[in-house]
Amino acid sequence: MLALLFILFAGMAIGCAISMVAQRNPLYGAISLIGVFISLACLYVTLAAPFIAAVQVIVYAGAIMVLVVFVIMLLNVEDEERQPMRLRSLVPIAIGLAAILFAETAFIIFFVHSSPGTPTTNISDVGLTSSIGAGLFTTYLLPFEITSILLLMAVVGAMTLARRGGLLGANVGIVPGYQSFARETLNPLATPDLAQVEARTSREAEQLLGVADAPHARDEE
Amino acid sequence: MEDLKHLALLIVGILVAFTVVMTMVAYTVLAERRVLGFIQGRLGPNRVGPGGLLQPLADLLKCIFKEDIVPDKSTRFVYFLAPTIVTTAALMTIIVYPFGPDIHLPFIDKTIQLVIARFDVGLLYVLGVTSVGVYGIALAGWSSNNKYSLMGGLRSSAQMISYELALGLGLIGVILQSGTLALYSIVEQQSGHLGITGWNLIWVQPLGFLVSLIAAIAETNRVPFRISHRIQRDEVCAVLSGRIREHVHGINVGDDAFPRRMERAVRSSTSVARCFLFSG
Chain A
1 MLALLFILFA GMAIGCAISM VAQRNPLYGA ISLIGVFISL ACLYVTLAAP
51 FIAAVQVIVY AGAIMVLVVF VIMLLNVEDE ERQPMRLRSL VPIAIGLAAI
101 LFAETAFIIF FVHSSPGTPT TNISDVGLTS SIGAGLFTTY LLPFEITSIL
151 LLMAVVGAMT LARRGGLLGA NVGIVPGYQS FARETLNPLA TPDLAQVEAR
201 TSREAEQLLG VADAPHARDE E
Chain B
1 MEDLKHLALL IVGILVAFTV VMTMVAYTVL AERRVLGFIQ GRLGPNRVGP
51 GGLLQPLADL LKCIFKEDIV PDKSTRFVYF LAPTIVTTAA LMTIIVYPFG
101 PDIHLPFIDK TIQLVIARFD VGLLYVLGVT SVGVYGIALA GWSSNNKYSL
151 MGGLRSSAQM ISYELALGLG LIGVILQSGT LALYSIVEQQ SGHLGITGWN
201 LIWVQPLGFL VSLIAAIAET NRVPFRISHR IQRDEVCAVL SGRIREHVHG
251 INVGDDAFPR RMERAVRSST SVARCFLFSG
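Those sequence lines, one after another, are chains A and B. Under this note's numbering, the first sequence has 58 at position 58, and the numbering climbs by one with no breaks. Under this note's numbering, the second sequence has 161 at position 161, and the numbering climbs by one with no breaks.
Source of the hints: derived by calculation from the structure; they are not laboratory data. The model shown is predicted, which means the values in this text are computed figures rather than measured ones. Fair warning: there could be bad hints in the mix.
[What the hints assert, rightly or not] Looking from chain A toward chain B, a few residues come up when the C-beta cut is under 7 Å (computed): (1) 54; (2) 132; (3) 135; (4) 138.
[What the hints assert, rightly or not] Derived pair list, reagent style DMTMM-like, types lysine to aspartate or glutamate, alpha-carbon separation capped at 20 Å: (5) 147/B - 78/A; (6) 5/B - 67/B; (7) 110/B - 2/B; (8) 110/B - 3/B; (9) 147/B - 145/A.
Every residue gets a Cβ at the ideal spot worked out from N, C-alpha and C, and that includes glycine.
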């Protein structure tokens, strides 16, 4: 039963991986990669690590790949063109190396003595959530805290890169679409009044108010 | 042999739960339409059966017999995959829902569990499946070969992944309170205290309940988070809900609208409600 499940999920993972590499359309490749991650999560479940399986789906398939799919869609990445094959001399070398890899795998399967019988269901406690939590907050507390700081660095970096410049102050947020803000936000020397400037981008707003040639914060980037 | 019996029992359980949930969704939609009609001073659908009770059947027949409009570019696979992902993600969560306590059949002397799968990480599984369901919206927007529909799909899926975070954080209080990620265990811990006073999670975690409820409503694109439905007539924000325009005919209406409604009926009514309100 366990062998059947392993063959099913491993086959799915390999099939999706081959599909990911062989696809010309990048979005199909991304979908295949999602298939790989989900089959890996299923394999983790058969190895008695349900927490890792769920976190794999949530983090890898559910967050990282969503980002990749967004990027592919927003940048409108084209299909790969079929290019003429170069460096034909590498093909026999590649076939030879693949044959060596297969030979090594066959050697390990048939000649290396492992524990007898089929592997039984692992009923160990290591993969359970409570064990992971206990270890994470006692034995592995330092790596846990350092990882948190690493993630914080990533978040701060993303915010810094995404921050828009211009004459808008630090407390003015950019909302896509309609923007309306007070006149004195763009031109600090203007008399504050309640008339609002409506523009589509901050650059257009600056042009409407005649402050477009003022120095911008983004000129220093 | 024991394995096969167990497997057959699981399949029967899945079929029963699927039927129950789909019927519940269909009639929840009908009830919503009637109530909305009442709020708006009109009658909802009441012509088809007694009080409109056969309306879901009529809608199903209509959707089946409508013409499918498919794009002629090479995105057919994704075009049909997207509603499938949404539907599958919405339905995969019902296998961890504890529909009730164990039932003891007196004559056969068997115990039937009303949970299809007793995962120890049930709550994480629900969150994971929710995360995968976002792809359906994004791929539906992309596969319609229409940049407005793409933008609509991306905005809607961006909203969904934003509120996933709030949903997860709102549920942390529940996890800390119950000490377990298993849904059946969370529910069992709230039972036995004279009914509603046993719903200690809604009394003990009112803020978490509110946050999770709002996040679940946003996840399933309910009002007031209906970006995917809003057609802004302002030419500046021309995010046409092109995804709907492309999927406007045929079973794709059913495929797109019903999974979303099903998702919202399954998720926002059961996910949060059962975690917080279910009393044994």
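Status of the hints after comparison with the structure:
1. Residue-level restraint check for residue 54/A holds (minimum Cβ-Cβ distance to chain B is 4 Å; threshold 7 Å).
2. Evaluation of the residue 132/A hint against chain B yields a violated restraint, the C-beta minimum of about 10 Å exceeding 7 Å.
3. For residue 135/A, the interface hint is violated, since its Cβ never comes within 7 Å of a Cβ in chain B; the closest pair sits about 16 Å apart.
4. Annotation: interface hint on residue 138/A violated; nearest CB of chain B at approximately 17 Å, more than 7 Å.
5. With a C-alpha separation of about 15 Å, the suggested pairing of residue 147/B with residue 78/A holds against the 20 Å cut-off.
6. At most 20 Å may separate the alpha-carbon atoms for a hinted pair to count; residue 5/B and residue 67/B exceed this at roughly 42 Å.
7. Note on residue 110/B and residue 2/B: the hinted pairing holds, with a Cα-Cα distance of about 15 Å set against a maximum of 20 Å.
8. Between residue 110/B and residue 3/B the alpha-carbon distance is near 17 Å, which keeps this suggested pair within the 20 Å criterion.
9. Taking the CA atoms of residue 147/B and residue 145/A, the gap is about 43 Å. The hint is violated against a cut of 20 Å.
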